[in-house]
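> Listed below are the residues making up each chain.
There are 2 protein chains.
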Amino acid sequence: MTQPADDSHLVEHTVRREELLAGNFLKVVRDTVRLPDGGSGTREYVRHPGAVAIVGLTDDGQVVLERQWRHPVGRVMIELPAGKLDAGEDRLACAQRELLEETGYTAREWALAGRLHPCIGYSDEFIEVWFARGLTAGERRLDAEEFLDVFLARPEQLLEWCLDGMVTDGKTISCVLWLQNVLAGRTVLDWRVISPS
Amino acid sequence: MTQPADDSHLVEHTVRREELLAGNFLKVVRDTVRLPDGGSGTREYVRHPGAVAIVGLTDDGQVVLERQWRHPVGRVMIELPAGKLDAGEDRLACAQRELLEETGYTAREWALAGRLHPCIGYSDEFIEVWFARGLTAGERRLDAEEFLDVFLARPEQLLEWCLDGMVTDGKTISCVLWLQNVLAGRTVLDWRVISPS
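Protein chains in written order, with the working numbering: chain A, 769 to 965; chain B, 769 to 965.
Accuracy of the hints is not assured; some may be wrong.
Any copy, or any two copies together, can satisfy a pair, since identical chains are not distinguished.
[Claimed, not checked] Keeping only pairs whose Cα atoms sit at most 25 Å apart, straight-line, the calculated SDA-like set for lysine to any residue is:
(1) LYS852 to SER808
(2) LYS795 to GLU780
(3) LYS852 to ILE962
(4) LYS852 to ASN792
(5) LYS795 to GLY856
(6) LYS852 to GLY902
(7) LYS795 to THR826
(8) LYS852 to LEU788
(9) LYS795 to LYS852
(10) LYS852 to PRO804
(11) LYS795 to ALA912
(12) LYS852 to ARG802
(13) LYS795 to ARG815
(14) LYS852 to GLY807
(15) LYS795 to THR782
(16) LYS795 to ARG785
(17) LYS795 to LEU868
Hints are computed from structural coordinates only; laboratory data are not their basis. Only a predicted model underlies this, so the values are computations on that prediction, with no experimental measurement involved.
Can you build the whole structure from these sequences, using the hints too?
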């Protein structure tokens, strides 16, 4: 039993939406909802365009990683390349763009591994997880106000860092679940040869 | 090389903070920062008290899970029990409280597995990951406006759901990385017998 046919005892229905914040970067709304018991409640959350994260594997089996200051948590974080979708952007095209812009790598083959919602309590963001291989190094093209280091690590090392607390970025930890199971042969990816966009 | 001594080419310094939103539930600030190159930028993010997630294991080796409507993503999600810290609350006490309130279970033994930041782009939230075993079922005590189903699943089943897209909650996927490696004997937890609080 995982998806009962009738979820009516759980589902909430939006009856009103107000915009709470239209910041330079963050959009926040408040929905008034009808609760499953007929009562009323409010739900506040960030509206996000969605994002991609990239597990890039070099020909010698290393993972492409970044070190980047993350202001909300006030520290330099080790994480996989990732970025937000532009309006109307295809997700694979976004993954290709972000990998190139942030790390300089282009990839010959791509595979969609899965999807996660990083913050279901207060954001509608989703992250598509793409694997990339057949990498070629090149010049990166960082946005203004973007500062990050790129480095390579072995998957075993990255897994250790997730388990021992060196890596705490949620999307990276989630992606390592796919990485571990792909490398163990438990998950088989559907690789496709993709021309650079 | 993972943590160079000098991060000055990455670090941003807060020069001003303004409160952008004080909602019923969400608090958002905008920091003006001095960038590593001396320029100026702004960073908007949610201020969050922190949270815990619980991997509760029954004596026959099943995992305690929930099905809950998550309004921001507009669907019923399968996820591990979790909840926000109350002001000044001890994290283990929070894990005990949330497990009891949401599922009715109390646990004899607890172990801290790790920590993650679910949303480093726009939230300061951290989630501590606690494992619990020696479970005893009892009456749950849901908050008002809280509606959720509790069920059990085998760890193998939960892992499959994460890999195949049935489970997309980021904290749950991250916790399953610990679960898989704990069950495989790769990660050894420091279990402690804890009296109910």
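> Against each hint, give a clear statement of whether it holds in the structure.
Hints, one by one, checked against the model:
| no. | hint | in the structure |
| --- | --- | --- |
| 1 | LYS852 to SER808 | between (33 Å within a copy, 22 Å between copies) |
| 2 | LYS795 to GLU780 | both (22 Å within a copy, 23 Å between copies) |
| 3 | LYS852 to ILE962 | within (21 Å within a copy, 43 Å between copies) |
| 4 | LYS852 to ASN792 | within (15 Å within a copy, 27 Å between copies) |
| 5 | LYS795 to GLY856 | within (18 Å within a copy, 29 Å between copies) |
| 6 | LYS852 to GLY902 | within (23 Å within a copy, 42 Å between copies) |
| 7 | LYS795 to THR826 | neither (37 Å within a copy, 41 Å between copies) |
| 8 | LYS852 to LEU788 | both (22 Å within a copy, 22 Å between copies) |
| 9 | LYS795 to LYS852 | both (14 Å within a copy, 22 Å between copies) |
| 10 | LYS852 to PRO804 | between (33 Å within a copy, 22 Å between copies) |
| 11 | LYS795 to ALA912 | within (21 Å within a copy, 27 Å between copies) |
| 12 | LYS852 to ARG802 | between (31 Å within a copy, 23 Å between copies) |
| 13 | LYS795 to ARG815 | both (5 Å within a copy, 15 Å between copies) |
| 14 | LYS852 to GLY807 | between (36 Å within a copy, 23 Å between copies) |
| 15 | LYS795 to THR782 | both (18 Å within a copy, 22 Å between copies) |
| 16 | LYS795 to ARG785 | both (13 Å within a copy, 18 Å between copies) |
| 17 | LYS795 to LEU868 | neither (27 Å within a copy, 34 Å between copies) |
Figure legend: structure checked against the earlier numbered hints; hints not met, in rising order: 7 and 17.
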